[in-house]
Amino acid sequence: MDTQTLLVYFAKASYLLAAALFILGIKRMSSPVTARAGIKWAGIGMGLATLATFAITGVHNVGWIVGGIALGVIPTWLWGKKVAMTDMPQMVALFNGMGGGSAAAIGAGELLKFSQPGAPVPPLATLALAVVGALIGSISMTGSIIAWAKLDGRMDKVFRFGGQQALNFIVFAAAVLAGLALVAWKLDANLVIVFFALALAFGVLMTLPIGGADMPVVISLYNAFTGLAVAFEGYAMGIEALIVAGMVVGAAGTFLTQLMAKAMNRPISNVLFSNFGGGGSGEAIAGAQKPIEAADAASLLYMAEKVIIVPGYGMAVAQAQHKIWELSQALIKAGKDVRFAIHPVAGRMPGHMNVLLAEAGVPYDLIADMDDINPEFKTCDVAIVIGANDVVNPAAKTDKSSPIYGMPILDVVDSKQTIVIKRGKGTGFAGIENALFYADNTRMLYADGKEAANQLIAELKAVEGGGSH
Amino acid sequence: MIDGFLALYIFMLAAFTGKEIIGRVPVILHTPLMSGSNFVHGIVLVGAMIALAHAESPLAIAIGFIGVVLGAGNAAGGYVVTERMLEMFKSSKDKK
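Line by line, the protein sequences are chains A and B.
For the first sequence, UniProt numbering begins at 1 and goes up steadily by one.
For the second sequence, UniProt numbering begins at 1 and goes up steadily by one.
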């Protein structure tokens, strides 16, 4: 065996090990106890596979390769290090778009190679999967970039116009036809360009009409897309590690997308093809919202034994999570049983709120999922709702005419007392009134989340100090 | 080259694996897990590196180079972001 063959064997063995590390890493990332080790395992796999690749590639174009890696790694690493926790979802979208673009570039390179005059005719499966991978990768790239722009507040508008669905369908059909023509008819360089232009355009068009609140599901879907694109290009290039890693991510991502869509009670087809809020606004609510001052709210908290805090994205927008944790620590010190109740879609993505609370220092064993905490509200003395609205709206259970009917909610309405911290009287994302805010045992503390938490901490101290306030 | 049916088996088994290994993921880990799987498909970098290594014409080198830059960005960014998110997952016992 010559050195070259040995080096190829070495690289292939490293890929095998990397694929195993990816699978074990993802497996570990699905439990909070082992998650931190999981990403390290996957990281070792990635480093190993990248280094081993130099054994295969030899010295040809090695300067370009090293330069390209440096150009890709350095800015994203630095950016990823300093970006705020609240902005993580759009960063995931952006990096995912890069992966899709890379898969599309591999596809483009393969098609270019096949279309050279005098090039050997590729096997049908190789050509077909190179085309399909390029199509999916291109859609994932431009779609993810639009998703990033929307979540990052660079593109606020939801673009909708008459005949949009028809246009999207035509562009998609044209992209598929161009792809079919490449596979079955003629590998023409101009046709390759048309094919990519259509695929890239479709990614943009598909994402434009989708609202910001649905973006998590869409990003997860594009994550699965990129996985599939990587797997298909891996087949076209004959690299098993890409097939396995890409397919594992494709399947896990699809499953995760379903879990997220289910948590939001939004079928994936609705997210992609329909507009939110088309239904009625639900029944009108009799009665009035009853305001409360921070001093009185602090007294309620002082007398409570069991307190459940229900944070929503409004809390993160107000950057109030650190103050809320400070308040919770004060309550815990006073001997209260304090827990955080997290709705599956609290924050901008499932699990996002947990990350935000964790960043503020809240230990994860104080954080409870919806199914675990819901029976607890009956015995809860005071529930504090901060920046959450639709996810605590009892209309989801009681009012069939409500657009959110059927969505799982936190049963805050069962709590003995509820304090809602809210900036004003406006409705939530779905634009519907919330009966919880009008309930007899609910009091509204109208204030900015951070300010309200500050006041509550101060007033709680005053109450504890003997009420000499 | 990988035989057609053997490839189908690899695709199928990898797909089942992907679904099974995240089967019982708690909601609190959805976002980090999405980010982590986003990192894993950064393995596309390896494909892009090999494609670039075999590129001859200036156009092929340009396309390969773009592939390597984007793939490396996917892997590096995905890793940093995921690690930062997971760094937050400490139980109250881990902290003094």
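Don't take every hint at face value.
Here are the computed lysine to any residue pairs in the SDA-like style, where the Cα-Cα straight-line distance is at most 20 Å [unchecked claim]:
no., chain 1, residue 1, chain 2, residue 2
1, A, Lys-262, B, Glu-56
2, A, Lys-27, B, Ala-62
3, A, Lys-113, B, Gly-23
4, A, Lys-27, B, Ile-61
5, A, Lys-27, B, Met-12
6, B, Lys-19, A, Lys-82
7, A, Lys-27, B, Ser-57
8, B, Lys-19, A, Lys-81
9, A, Lys-82, B, Glu-83
10, A, Lys-27, B, Asp-3
11, A, Lys-113, B, His-54
12, A, Lys-113, B, Met-12
13, A, Lys-27, B, Pro-58
14, A, Lys-40, B, Glu-87
15, A, Lys-81, B, Thr-17
16, A, Lys-27, B, Ile-66
17, A, Lys-27, B, His-54
18, A, Lys-12, B, Pro-58
To give an idea of the chain B side of the interface with chain A (calculated C-beta under 7 Å), a few residues [claimed, not checked]:
no., residue
19, Leu-8
20, Ile-10
21, Thr-17
22, Ala-53
23, Ala-60
24, Ala-62
25, Gly-64
FRET-style restraints, in silico, Cβ to Cβ [said to hold, decoys possible]:
no., chain 1, residue 1, chain 2, residue 2, range
26, A, Trp-77, B, Ser-57, 27 to 35 Å
27, A, Gln-164, B, Ile-61, 57 to 65 Å
28, A, Ala-181, B, Ile-61, 22 to 30 Å
29, A, Val-59, B, Ala-62, 18 to 26 Å
30, A, Phe-159, B, Glu-56, 39 to 47 Å
31, B, Ser-57, A, Val-66, 31 to 39 Å
32, A, Thr-34, B, Ala-62, 52 to 60 Å
Source of the hints: derived by calculation from the structure; they are not laboratory data.
Just so you know, these numbers come straight off a predicted model, no measurement behind them.
All C-beta atoms, glycine included, are put in the ideal place defined by N, C-alpha and C.
Determine which of the earlier numbered hints do not hold for this structure and return their numbers in increasing order. 1, 2, 3, 4, 6, 7, 8, 10, 12, 13, 15, 16, 17, 18, 19, 24, 27, 31 and 32
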